[in-house]
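Residue numbers (the numbering used here), protein chains in the order written: chain A, 1 to 528; chain B, 1 to 325.
These aren't lab readings, by the way, just hints derived from the structure by calculation.
Be aware that one or more of the hints could be misleading.
[Unchecked claim] Some, not all, of what chain A presents toward chain B, calculated at C-beta under 7 Å:
1) Thr-40
2) Gln-171
3) Thr-175
4) Ala-196
5) Pro-223
6) Leu-230
7) Glu-231
8) Gln-233
9) Gly-236
[Unchecked claim] Facing chain B, a subset of chain A residues (Cβ under 10 Å, in silico):
10) Gly-36
11) Pro-38
12) Ser-39
13) Val-45
14) Asp-48
15) Asp-172
16) Ala-179
17) Arg-180
18) Ser-195
19) Ile-221
20) Ile-222
21) Ala-226
22) Tyr-526
Ideal Cβ positions, reconstructed from N, Cα and C, are used throughout, including at glycine.
Residue-level listing of the chains:
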Amino acid sequence: MRLPAAAIVIALAWHTPASAAGLTDAGDAVVTASIGEPSTLVPIVAADSASHGICSLLFNGLVKYDKTLQLAGDLAERWEALDRGLTLRFHLRRDVRWHDGAPFTADDVRFTYDALINPAVRTPYRGDFERIRALRILDPWTLEITYAEPFAPGLASWTMWIMPRHLLQGQDLHTTPFARQPVGTGPYRFRRWRSAELIELDANPDYFAGAPAIRGWIERIIPDEATTFLELQTEGVDLASLTPLQYQRQTNTPFFAAHYQRARYPSFGYTYLGYNLRHPLFQDPGVRQALNLAIDKREIVQGALLGLGQVATGPFLPDSWAFDPAVAAAPYDPARARALLAEAGWRDTDGDGWLDRDGRPFAFTILTNQNLTRELTAQIIQQRLKAIGIRVQVRVVEWSSLLAHFIHPRRFEAILMGWGLSPEPDPYDIWHSSKTKPGEFNFIGYANPVVDRLLEDGRQTFDQTQRAAIYHELQRILYHEQPVCFLYVADALPIIHRRIRNIEVTPAGFQHNLVEWYVPRHEHRYEF
Amino acid sequence: MTRYLIHRVMGLIPVLIGITLISFFVMHLAPGKPTDVVTDLNVKVSLEARARLNQLYGLDDPLPVQYSRWVRRLARGDFGASFHDGRPVATKITERIPVTLGINLCALLLTLLVAIPLGVATAARAGSRLDRGVTTLLLIAFSAPTFWLALLALGWFGVELRWVPVSGLHALLADRWPAWRQWLDVGRHLALPVLILAIGDIAVYARYLRSSVVDVLQHDYIRTARANGLPPRRVLYRHALRNALLPLITLLGFALPALLGGSVILESVFGIPGLGRLFYEAVMGRDYPVIMGLVVMGAGLTLAGNLLADLAYAMADPRVRYERS
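Looking at chain B on its own, in the form it has when it is part of the complex (with noise of 0.2 Å):
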């Protein structure tokens, strides 16, 4: 097992060099440079200030120089100063992290509390009227556009029932209040968000898991064990969901990166100050800086998901063995 981790871990290191090569490449063939937005069209701004800009951020220099630049800073932890506002981007990553991992955590929670008894309920009664009326709703849930529920959801519960604040992650001058004001406030914020961004997910985990459930029930084990008379909820439950949940092991695995690929839309929408919103302003400044800091973490989980995710495969499925492999 140790010598497959390794083994892995090392066949990790060129696909991320793969990666981050690539994304570098490509940010650059996109038109437009950085010194666009900050002189933007502006008669103040003569042609040499824009060369000398151009100068300063380094941008003269043949891609792989400025590629192998940005490397060697990398190797020394440095992933360099944002262009937008010249603070370090390790610094503005990590600030934003806390929102959206917390978003994306108890979106994930409320995903799987729900997801995990819908799609073994409508599993056990496949093709009932039940089944068929959850899959629309789910159908539905999945197709509607994300940004276009979060306004309904906002128009309703934001401005005609005020039950929570339209936007924002803290009420203004909240920072006067007791601690446990603020917790409930930022809780009132993200409620709305958590809500919209786990309909999605809920309903992409329920399909998934009914086809799993369904497949499963059609092993001989099952019918082995509903002949020895064991109850319906038993067997459905012991028997079928222990393995019918396999296959969402690979779609945790891909719920990694996702924890902190914040979503933009809703990010923009619910004027929540995370990292999906933090990645699109960055593509739309052409922040060089910042959109490769935020490729190589995003690269990273990605991996790290996929290695974790095989691991877990290997641990709760006795049929899958690395070692000899």
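Here chain A stands alone, though its shape is the one from the complex (with noise of 0.2 Å):
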């Protein structure tokens, strides 16, 4: 039996509805809003998230992480640990090309690295790549990266996007006109650039993992967050990020259920309440760990979150293998609380409502940056802990002056922040004793031996099991400690088109697969 040809296509449209859909689906873009502006498309001198968002579809890392959050094969098909970890040898992709046709090999990739350790190349991502002892291309496609000492955070490091040799050789990469044209191997090809108004990227038609079904990718530099949200009324734009207000009480409108898809999931970074350990109110446990039943994190999640986030319990993204889930959030007991400041000498002793010891009340102040949730669960704090008569000032200073007045020089009594992590869990600058000088990230001033040691074996095991099991001891202990009080680790919650098919939500959000994103023909918006 023979069938035309048509029905044959039709046939296979039809079964391939989750793979780049049919061929007569190919087409249409996505029209994202972006809050800034990108600074640069220079991978590794970006440093704003607007950057990194055009750079994510630009270019690609030797490894990358996939939906479940472990690292797999980017530009690398393969890679092997030898010399008990100390050296990786990778073995790169040869089907990949530069978006100008140029044939991509080690060459870049040591272009990319000379480029990192560059002291006269402004990246902030050079921490990583200094500890590399020697890089050897072994021929074109497969190359060894050897370390000083083993340092497991290597691999990951290498998800840095690689840049092309041939066109960036000898240029100044801060000046450099490729800033606002740049070539990548990406899923997508820089086409336009409008200051402030918009960029342009189009797919790879030779793109090594498939070319992207959706032609087009436009985003919009729209700096207002209410005028984007009137722009997702007027389906001007296809992909956003929702405030909790908008995801609980403003979209719930038949108009957006008709043309809008939203989602959530854990967003990569916690809020905490951090002590400076070097003032006298601060460094009893027993004092910290009052804090923390004193404050009541559910009902932060609840009042400042609308629901839209978890109580964290420590320093690792929910979903990763480095965080340990049988550590439980300690409950709210403002009984508790004061039974363990009274051991620690803070009693109500002349009756005025507030705690003190040897005539000094338990009063501090909290900083932190402007930032509604950031202030809204300051405030949740300030009452709790009014409760149990500590009085507690709240004061929003702007970042950069948080940052120049208070933190760098070590002037605050405690301060309301947020870490971003990446699921690479090693959090060495953030707790390890020696990170405490100025400028330093262990700025609370923490010290502990036992967690110094945890951190160090931490970065020297390659075996995932076995660094879980370390840094499942280090969640413990810092939440027994308390040198910060963990409060919450917020949703991300996008909002997304509904003609755009085959979305995924995974822990590692909802971009991972964006090749295999599509329109139905029927629902196309833009020619392009």
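Take each chain as given, in its own frame, and dock them per the hints.
In structure tokens, the structure reads:
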């Protein structure tokens, strides 16, 4: 029996709804909104989130995180750890071409590495690469990287985007025209940039992991959140992130139900109340545990995030292998908090309603930056601590001033801030006692020899199960000692136009499979 | 006149230097450094990396050294490069000029077209119900916060009625359209911003003009004109208005720097790539070269505006002569 050719095409299209859609569905564009304009599209210099968003579509690393947050090959087909992990040997894909047609080889990796460790290049990502002793090219598609000492986060650092040597060699990476007309290896190619208006990308038909079905990617720069929301209401934007208020109260309308899909997953970061551990108030772990019991974290998630988040219990992503789900959040227990404080000598001796010791009341100031959720959180904490007799003041300071005047000179009592996290969990710089110098990240001044040793071991252990055990213990100690009060992990709240199919939300977010997104032909909005 | 002009222009130079000097030092008094923004709170940025960034930007040098370096470069016509993206400051400013200038010119035109008749009409019937009603409306228009008016207008004309696009300057993929349609498209995008921008100015100009016309109407020559039996319209528009317009010259002198001083709020709400947003972003990012470039431009235009207003006075008002001063 013979079928007409057209029928075969239709049958094929019918049977592959999930991958890359049918041929007839290719086309259309995704329109996204960004608050800020990217500063540069030279990937190793790009530090802001707007630049990151675009670079992630244009470039690839040797490895990438898959949807379960495990490392998988990207430009590297596979890799081996040699010499007990001191050396990584990468086997690169041979079928990768830059967007201008030039082949991708190990020379591009070496060029990127040389730029990363060049002191004249203003890159914020140098740290991990300075631990490399040598990079050797064995053949155009094989290279070996040797570390000076075992360094478990080394492999993850090769998620760093690789730059084309043939276009950038000999150029100043800060002034090169490449920053505004980049050439990469990724699923989308750069097309056009209108300053402060938009950036247009189009699909890379030769992408090694399969050409994206959606032909265009347009990032509009809309500096005002309220305007972005109005754009959503007119379908002028296909992809944006919502605030908790918008998610809970403003997008439950029939219009949004008909035109958009919303998603929710834990964002990559946590918010905490950090204590200046050099301050006499906060040196006693019992006092810090009491504060943890007196702060109702669930109430904060309800009040400040409208329920769109979860209580944090440690310094790792809740979905990561490093996170120990057995660490339970302390309950809200003001009576127990008051008892612990009494043990530490804090009582209301003069009957004025505030706790005191040696004639001095328990009072401190929480500093935070201009961020509505954080301000609300600080106010909730203020109320709860007032209930057990601790007087808290809240002071909101602009970000740059907060760093320059309070954090770096260590002039704070308590701060309400957040840490961004990546799937590679190594938290050495935040908790190790050697990292307390001005400008370093252990600004709360935490020092615990046991934690120091765990942090050192965690860096040098390659086996994920063993490493997980180390980090689980670290998390238990940190939660018990309470150098900071872990508050919450907020949810990321993307909203996506309904015509875009195949969106899959995982712990890694929803953009991991964007080459497989498609829009059925009859729903196309843009002729791209 | 020529001697006066030379004299005035020479006098502006020390003022300009003073402005840049003060701006430069005040700018550095604000806490924070550009490197804060580049590095954020990122564990992957080591302490040494931050020190190195400061050194590369020349931020470790004493302020007088930094200032003299900036002035010497400026003398060669070099505004430097932005810390944010490394692009020349002059390019960043010039690419934003057409949009801001266009919006402001349209708004100024609209303002004058509405404010002059309104001012004259209310002055002619000073104290009437019309006058009081218009005065109240203008006060409301003047007091309403721009961002609130803008969002209300967007919600109504953009979302409910869909008469105009919500934000931006061009429709997506508009570059494939014929020229006339592209122009129409830009016009649709700019209609609301121009209108909102003009509303506040109309209030100011109309009130100024009203009091000026009321003032002029008290003069003897107006009474003479009326006594001679000239028609009221002619008295009002020919004789009174001409003299009443003089104070507007001063206002227009201020309007010159305002033509390039984009509105931060309006440009942000409507997503328009103008100079106001550039300035705001530069301040928030501590992008010193861009801030200074815009300060020099603003100061230069303000001084030029004052000078032009003075000269225009001399031409418009025979009582003002600068020759023998």
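Hint check:
1. Thr-40: holds (5 Å)
2. Gln-171: Given a least distance of 12 Å, the restraint on Gln-171 of chain A is violated.
3. Thr-175: With Cβ-Cβ at 5 Å, under 7 Å, it holds.
4. Ala-196: holds (3 Å)
5. Pro-223: For Pro-223 of chain A, the interface hint holds, since the closest Cβ of chain B sits about 5 Å away, which is under 7 Å.
6. Leu-230: holds (5 Å)
7. Glu-231: holds (5 Å)
8. Gln-233: holds (5 Å)
9. Gly-236: It holds, given that the least Cβ distance between Gly-236 of chain A and chain B is near 6 Å, below 7 Å.
10. Gly-36: holds (8 Å)
11. Pro-38: This interface hint holds because 8 Å falls under the 10 Å limit.
12. Ser-39: At 4 Å from the nearest chain B Cβ, Ser-39 of chain A passes the 10 Å test, so the hint holds.
13. Val-45: holds (9 Å)
14. Asp-48: Because about 8 Å separates Asp-48 of chain A from the closest Cβ in chain B, which is inside the 10 Å limit, the hint holds.
15. Asp-172: holds (8 Å)
16. Ala-179: holds (7 Å)
17. Arg-180: holds (8 Å)
18. Ser-195: Because about 6 Å separates Ser-195 of chain A from the closest Cβ in chain B, which is inside the 10 Å limit, the hint holds.
19. Ile-221: Status holds, d = 7 Å.
20. Ile-222: It holds, given that the least Cβ distance between Ile-222 of chain A and chain B is near 5 Å, below 10 Å.
21. Ala-226: Because about 6 Å separates Ala-226 of chain A from the closest Cβ in chain B, which is inside the 10 Å limit, the hint holds.
22. Tyr-526: Check passed: Cβ of Tyr-526 of chain A comes within 6 Å of chain B, closer than 10 Å.
Of the numbered hints listed earlier, the single one contradicted by the structure is hint 2.
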